[in-house]
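Protein sequences, first through last, are from chains A and B. Add 634 to a position in the first sequence, counting from 1, and you land on the number used in my numbering. Add 64 to a position in the second sequence, counting from 1, and you land on the number used in my numbering.
Hints may contain errors.
What the hints assert, rightly or not - No more than 20 Å apart at the CA atoms, straight line, and that leaves these computed lysine to any residue pairs for SDA-like: (1) K761/A to K147/B; (2) K803/A to K150/B; (3) K150/B to I195/B; (4) K147/B to I157/B; (5) K807/A to M140/B; (6) K755/A to L161/B; (7) K752/A to Q171/B; (8) K177/B to W732/A; (9) K781/A to Q181/B; (10) K205/B to M784/A; (11) K758/A to E83/B; (12) K807/A to K205/B; (13) K177/B to I748/A; (14) K807/A to T89/B; (15) K98/B to H794/A; (16) K683/A to K807/A; (17) K166/B to K807/A; (18) K248/B to P302/B; (19) K807/A to N793/A; (20) K238/B to I220/B; (21) K755/A to S164/B; (22) K141/B to L808/A; (23) K807/A to E260/B.
What the hints assert, rightly or not - Reference listing, derived: stretches of chain B covered by chain A, where coverage requires no fewer than 3 residues with Cβ under 8 Å from a Cβ of chain A: (24) 66-79; (25) 137-149; (26) 152-162; (27) 173-183; (28) 188-199.
Claimed, not checked - One-sided excerpt, in silico: chain B residues whose CB lies under 10 Å from chain A: (29) E108; (30) F109; (31) F113; (32) D170; (33) S206; (34) Y207; (35) A232; (36) T293; (37) D294.
Quick caveat, the hints were computed from the structure, so don't treat them as lab data. Computed from a prediction, not measured in an experiment: that's the story for all the values here. Every residue gets a Cβ at the ideal spot worked out from N, C-alpha and C, and that includes glycine.
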Amino acid sequence: MNGTIEQTDNRWTVSYVPFWKGRFFQDDYLITPNFKSDIISITENDMKKFLKTRQDELKNSIIKDLFERLHNIRDNFDDITYRQVNWVDFKENIDPLWSLAIDDNSKNIVLLLIDGVKNLKAEKMNKSNLDGFQEVLHILLSEDTIKFDMFQIAKILINHQIPSLRFPKGTSKLLE
Amino acid sequence: MPFSNLLLDTCVAIKRLQEDEEGCTVRDFLIDKKQYLSQYSIMEFKKTFITAVYYLDSMIDEGRSLSDIYHDTADMKTSSDPKISKMGARLEILLVLLGSPKKINDQMRYHIKMWRQGMLTFQFIDNLTLINSLTNCPMSKSYTGNFSDTYSPGCICDIERFFSDYSAEINVIKQNIQGIFSFKDMFEILRDGITESNCVKCCKIGDILIVFDFMNFFYCEPDSALCSTDQHFDTLCPLLHINKINPITE
């Protein structure tokens, strides 16, 4: 068992480190040691607020970390090794956003980001690509995701020359 | 002569999105050129890939595991029935686009849902300017892949009008492709005509329809060309005095 949530009458007891681990993350890297002993007792409404707040905090902290990596890449853009290493870090840190996306719009945005990131190599990158990722991450951070449909997000990425779709070798042969 | 306006055929439109060397060559070639696509190509794309998206989705709904799907897809590719082997190849490409997942998860399902809602088609036409198709094919009107939209052999289009409006030009083509093996199917359809909307026949003369879409839109403007790697166009384009350019050999 990954964790415990117990309900007695109208109160919830949450042992939330293992809970977060099971619900939101595949690995341990965001879990701080002192979480392990935190057990709290709250009402159902508080529980919902708690989940939402904690989730937003985690999402915001991941996005801020991603912003920082983008800035690092931009500031050292001409250093190709630095660019590659930071780009790989950025790629690895995009994935956890999927687990924190609750609504369909956010999930679509994260998927488009994942695709764009997957298809872009550091050596092929330009600064406009970085602007595109930054713009979409801002939307994800702003909680205004409802104002953007997936086509608008895809258009932002496309306008910044981010390759959101890359077919494998020989795909065109299917039409010949 | 450098051409600044290019109408891409469906294959080149896909090649420019390929991750291989061919894709890089095409992308480099297309830089700084205005790129157009016939609306007809959307139908070809949907018929090739969106049908496969539906196929994959229904395999998942059927309860097949991902390892079964990989296995069945490989099996389909080796089928002696070309329809099944082609579908196998398309499914394989979709699985690669999904990142070759190891299990069916939420992310994979959302991806497929996004494709069904039109994202794959939207990404396919990115940065291309669409031009109307003379056939006015209803299947090319939306990005989405409603099953009935993608598979409606009875849908109504303007193919009959195309045959009557362009009968003189069609005759020229007919005379020049008669007896050429690779044009056998196309010749037979031009000879017999299409008297009512028929997607199966229409798809077989796709190259001819794209040439006419080009002619209709560009009116043989000197700085425009049809961009294709397909050898059919080497024969068809000169017949209608259309420039043709191959992005790989150029």
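Now the hints, each set against the structure:
no.: 1; hint: K761/A to K147/B; verdict: violated (44 Å)
no.: 2; hint: K803/A to K150/B; verdict: holds (16 Å)
no.: 3; hint: K150/B to I195/B; verdict: violated (28 Å)
no.: 4; hint: K147/B to I157/B; verdict: holds (16 Å)
no.: 5; hint: K807/A to M140/B; verdict: holds (17 Å)
no.: 6; hint: K755/A to L161/B; verdict: holds (16 Å)
no.: 7; hint: K752/A to Q171/B; verdict: holds (15 Å)
no.: 8; hint: K177/B to W732/A; verdict: holds (16 Å)
no.: 9; hint: K781/A to Q181/B; verdict: holds (18 Å)
no.: 10; hint: K205/B to M784/A; verdict: holds (19 Å)
no.: 11; hint: K758/A to E83/B; verdict: holds (12 Å)
no.: 12; hint: K807/A to K205/B; verdict: violated (24 Å)
no.: 13; hint: K177/B to I748/A; verdict: holds (16 Å)
no.: 14; hint: K807/A to T89/B; verdict: holds (16 Å)
no.: 15; hint: K98/B to H794/A; verdict: holds (17 Å)
no.: 16; hint: K683/A to K807/A; verdict: violated (53 Å)
no.: 17; hint: K166/B to K807/A; verdict: violated (26 Å)
no.: 18; hint: K248/B to P302/B; verdict: holds (19 Å)
no.: 19; hint: K807/A to N793/A; verdict: violated (28 Å)
no.: 20; hint: K238/B to I220/B; verdict: violated (25 Å)
no.: 21; hint: K755/A to S164/B; verdict: holds (19 Å)
no.: 22; hint: K141/B to L808/A; verdict: holds (12 Å)
no.: 23; hint: K807/A to E260/B; verdict: violated (30 Å)
no.: 24; hint: 66-79; verdict: holds (count 5)
no.: 25; hint: 137-149; verdict: violated (count 0)
no.: 26; hint: 152-162; verdict: holds (count 5)
no.: 27; hint: 173-183; verdict: holds (count 6)
no.: 28; hint: 188-199; verdict: holds (count 3)
no.: 29; hint: E108; verdict: holds (6 Å)
no.: 30; hint: F109; verdict: holds (8 Å)
no.: 31; hint: F113; verdict: holds (8 Å)
no.: 32; hint: D170; verdict: holds (8 Å)
no.: 33; hint: S206; verdict: violated (12 Å)
no.: 34; hint: Y207; verdict: holds (8 Å)
no.: 35; hint: A232; verdict: violated (29 Å)
no.: 36; hint: T293; verdict: holds (8 Å)
no.: 37; hint: D294; verdict: holds (7 Å)
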